[in-house]
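Here is what each chain is made of, one letter per residue.
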Amino acid sequence: MSEVLVVVDHVDGAVKKPTYELLTLAKRLGEPSAVYIGPADKAAEVAEKVKAYGAEKVYTIDDAPLKGYLVAPKAEALQQLAEKASPAAILIPSSAEGKEIAGRLAIKLESGLITDAVDVQEGPVTTQSVFAGNFTVQAKVTKGTPIITVKPNSAAPEESAGAGAVEEFTPTISDGAKTAQIVASQPRQATGRPELTEAAIVVSGGRGTGGNFEPIEALADALGAAVGASRAAVDSGWMPHTFQVGQTGKTVSPQLYVANGISGAIQHRAGMQTSKTIVAVNKDEEAPMFELVDFGVVGDLHTVLPAATEQINARKG
Amino acid sequence: MNIVVCVKYVPDATADRQFESDNTVDRVGVDGLLSELDEYGVEQSLQIKEKAGDDTTVTALCVGPEKAVDAVRKALQMGADQGVHVLDDAIAGSDAIATSLVLAKAIEKLGAEKKVDLVVGGLASTDAGMSVVPAMLAERLGLPQVTLASVVEFQGDQVRIKRDGDTATEVIGGTMPLVLSVTDQSGEARYPSFKGIMAAKKKQLDVWSLSDIGVDASEVGAGAAWTEVEETTARPPRTAGEIVKDEDGSGATALTDFLASKKFI
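Protein chains in written order, with this note's numbering: chain A, 1 to 317; chain B, 1001 to 1265.
One chain only, chain A, in its complex shape (with noise of 0.2 Å):
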């Protein structure tokens, strides 16, 4: 069988379960073998956790010549590693940074790019759902070594033991790629509740809090939940663009999304339509929201939410 090629989501050394999802995805294809491009005093750790599931190889790349440039050298890194590797399918993490790792890399390696793939099957065959989720559509590479990006919550990680073999990786990183700089990175405060991107609930509140996200933030600290924002609350100044959900912000599918105070616009929907239980609270019942739920609670978030969050307290003792 040959090697999939899975590229590490992590922070600093730190793995993100969308690792483990891609892992999971992998094994269907080929043998997992995971990509790491980090801080080198940080690849035994995060080999024992790949390898956990199911990684037969792990690829470590120490970064410090790298991460001083934007994508451009991690798309070499990963050029030169398939070229060497010849792997059945390379699947990336599909964020932002992911994405762009991706197109660059298509154009290196002559080969097709699927993104945002919320499935992948034998082939690999891909699905990806469009249209702010109002149409899925099947796909597959059809040159060279398909390059697919996923979106977390993509597939339930499964734990299996692989060989976790370690091996080294340097890449020649050329001047072209070191052209743009990053001057200074400031991380995101942690804010203590899981990614909104990754989370299995998110709560998120719009318009119809007048500002307030104290309901809403603490229903979501009750259900383990992300908190989320349409883009009313982050236009009106009340919550950081990184909390948006929609389509200029992020695309969550959720096992349960809670909408409070959303009106539903298209370009909302278009970030949360895929999740699988919806639920909203709204004060007007003709909200186009409600045609989206699941179950749906006509009233003020203001007096349902913070009931309802007592009401959970209560029951989880």
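By construction, these hints were calculated from the structure, which means they are not laboratory data.
C-beta: ideal position from N, C-alpha, C; glycine also.
Some hints could be false.
So, partial list: chain B residues that the calculated Cβ filter (under 8 Å) puts toward chain A [said to hold, decoys possible]: (1) Arg1160; (2) Lys1195; (3) Ala1260.
We have chain A; now place chain B onto it with these hints.
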């Protein structure tokens, strides 16, 4: 300064978007317009021109079917100086890889007349939405990629942007010529003024074919795509769920019961 801003003509996201029988996006039966997210690229290009001075030219570049000229016109109405529409039947069905090839060749042709300093794009298209074309252009043109800017600043040939990345907010710097892409956070796009609409009618709008830019028809179109759509399926409409009215706190209890029944608590 010479700025080329890439604009895409897309089916209106608020209309009923469909696929053709060959699984390509229906770009004829649905009203189209300049992709909303590309308006931000036009806006930033115009702001750069306003700061850099009058010898700056902003060229709106579009690849698409006949009706796509509307996207170029909108950019001209907003204030772009001239437009180029690459129009060729062979282009229909092109994927992002072929589209980036056509754009790159058109930019090279523009650059042959006067060196291009900035290639500007948006965050994503509102139809396919891959967000990869600016990175592909940088790769093809061998230019620095300074992308997904929420704030753009420049001084001379130095460009600095703020990029709200997935895990960090970064400041990215590069030297022109480069490829820049901007997000919807970069600043509200202007509406065309009446004067702008009138002036746009007199602006130069060139239509180029593939042979004008030196691209062979076999390199583009559905036949040359490196990916293939096997099937498109309309998502079944969500069946209407249960909706209750909150009366004296009944809403909170009903909500809690629902969440418990689905094992979310």
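How the hints compare with the structure:
1. Arg1160: holds, 7 Å
2. Lys1195: Because about 28 Å separates Lys1195/B from the closest Cβ in chain A, which is outside the 8 Å limit, the hint is violated.
3. Ala1260: Since the shortest Cβ distance to chain A is 6 Å, the answer is holds.
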